[in-house]
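Trainee: Under this note's numbering, the letters of the sequence shown match residues 122 to 722, in that order.
Derived by calculation from the structure, the hints in this document are not laboratory data.
Every residue, glycine too, gets a C-beta built ideally from N, C-alpha and C.
Honestly, I wouldn't trust all of these hints.
Pairs of lysine-lysine residues, derived as DSS-like cross-links and limited to a Cα-Cα distance of at most 30 Å, are as follows [said to hold, decoys possible]:
1. K347 to K323
2. K452 to K430
3. K430 to K468
4. K430 to K244
5. K430 to K323
6. K483 to K469
7. K514 to K468
8. K483 to K467
9. K230 to K171
10. K360 to K468
11. K430 to K294
12. K230 to K220
13. K514 to K452
14. K483 to K347
15. K468 to K294
16. K467 to K360
17. K171 to K244
18. K299 to K323
Restraint ranges, calculated between C-beta atoms of paired labels, are given here [stated by the list, open to error]:
19. G425 to S210: 37 to 43 Å
20. D583 to G425: 40 to 46 Å
21. S384 to S169: 20 to 26 Å
22. N298 to G425: 30 to 36 Å
23. N231 to N379: 24 to 30 Å
24. N166 to V234: 23 to 29 Å
25. T600 to K467: 31 to 37 Å
26. K347 to T600: 34 to 40 Å
27. K299 to V234: 37 to 43 Å
28. S356 to T600: 47 to 53 Å
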Amino acid sequence: MIKKLNLYKILLFILLLNIFVVFVSSQQSCNSTNTILVNYNVPKNYSSFKDCGVNDDQVCISFEDAGNRAILLSKSFVCIEIISDINGSIPISFSNLYKFCGSLWITAKNTSVNINIDGSNSKQQPFLTIEQEVPDQSNSTDICQSRSFNFRYLNFINWYQTIAYVNIYQVLKFSINKPTTEINFVNSNIISSGSIVMVYPKNVGQIYHSESMILNFFSTIAYNLKTSGLLAPNSSTDKISPIHVVGGFLSNMLRVSNSTFLSTPFLYLEGGIVSPLLDFSVLNNNFSVNPFMMLIDSTFFFNGNINFKDNQLSTFIFISRYISSQINFNKIYFTNNTSNQLLYEKKKYLNYQYENSFAVVKDSYDFVISNFLIYNLNPNTTGNCLIFVENSKLTLQYSPPNFPIQVQHIFITINSSIALEVAYTNVSSLIPIELPIVGNYSQVNITLESININGIFCGCNDCDYYLLSSSFSEKINTTNYNCVNPTPTQTLTSIPTPTSTSTSISTSTYPKVSIRTRNIIIITVILGTVSTGSLIILSLVYRVYKNKKFIPNTPSTDEKSSGFNDNLYAVAEEDEKAVSPIIDLAVVSYEHGIDDDAEYD
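Sequences are here, hints too, so could you generate the full structure?
Mentor: Right, here's the structure in full:
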């Protein structure tokens, strides 16, 4: 627990420090000594890039010239101010700015109106490139300890190519020297484009110091995004996602709306951290079968509120080889999101197999998912499964009275160990829900209250169930729980889509009773049987004595026996009512609302 808290505090400190640095830098003013002017709509009036941008008479007529001059300045704070819109009639691109050292602000000269930068004809090179040619270890004096590239008051429109591309030897986790590279979008918009940021290290396959490659989006909106035509690294078929990062720290996200992602996730993060500190929204998008976030060898912490509304998707998050100990979803608010199950099609992205589930967890161990889709989910959100788990070990903490997601299964578990923990304070508030666990070859750990979930034992072949308590773990004999037409279990090789999977979950005609009630009934039956046996023996003795006329006019024992047993069962029924009250599900409704954040912490 101490390690988890320390990690969280360290990340939060980095986030706050990062925001403070960006804010302080943004408040610095551009002046004649640190400003380079750019205008694509005037004739060239200089002989060398060394002379351009110093005044209105000799403005740079290209970003390439402005970038080369910025490298010459390489001060702690340099401005490139764009005077007028760029209509996209010619290719536009900076030169490779890897050799720039300091903080570079690419901004509109008039900050009251954003400058439009149209990339319709810029299909050969990214807008900004930071590419390292050789490792810097051979000459430590060439290492720049801090590079920062900042876009402010800009509208990027119709960009086929990547807007910001980083290809360097990234800092490794245990490196002594840890220079930083940072890209920030401030008060900017990305419109009708496909690739926003691409970070791909030259030293691929290492364990990176993620905090050395930082990405931020402040008050930035992505609108009408579309699938990029660029291929993802090491792939001949898969396209690059809008944010594609290997070995980076994404500390603030942008608002995404009215976009369609037919072949890629929105965010692909490998070997990194995503930890938004500020609020952002994801509204009215079609993700098809692609996850909103795809995390490989990565982790995330959500500190700000996320409004996830009116989206069409099958999977919110896909996780493989998760490297932290906990996922907390208590600040994500889901409203009116839908999944078209009839059109679901299994596919892969970069050799990772998608699954028809709201969350997918593969090859990940020993972590807890808390507050997942509990208070924050509108009942319109639907899906085939809440969590698909394969070759993993995890715990899901949830509260049954507030579990409104409309899915067919809680878990689909394949070769995994899962724990289903119920967190609530009032036993009488427990509402049974028909969300069975299906799969095979798994260990399922549940609390006593979870046994009341209808059909929980009915769909998992070759699975062992254990009852969890504070002091022990006891294997459950599932033969004591009857199932009528149980859900067909899944196979290791394929998880059928809704078009081929039977979704009817049948339970016994009578409601399931608690273990305590069941024990009372068993004891009652035993007592009744013993009592009946005793009365039969007394009856035989009575008949012998009657025949010998020792005891005349003795009442019949059959009437007493019947009354005795009836009384016993009456007591049992009253006790059952006290332990397991009947709940009218027809009067139970879920009202979506967002309370104070403190309520979810």
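Trainee: What hint numbers does the structure not satisfy?
Mentor: Going through the list in order, the structure violates hints 4, 5, 11, 15, 21 and 26 and respects the others.
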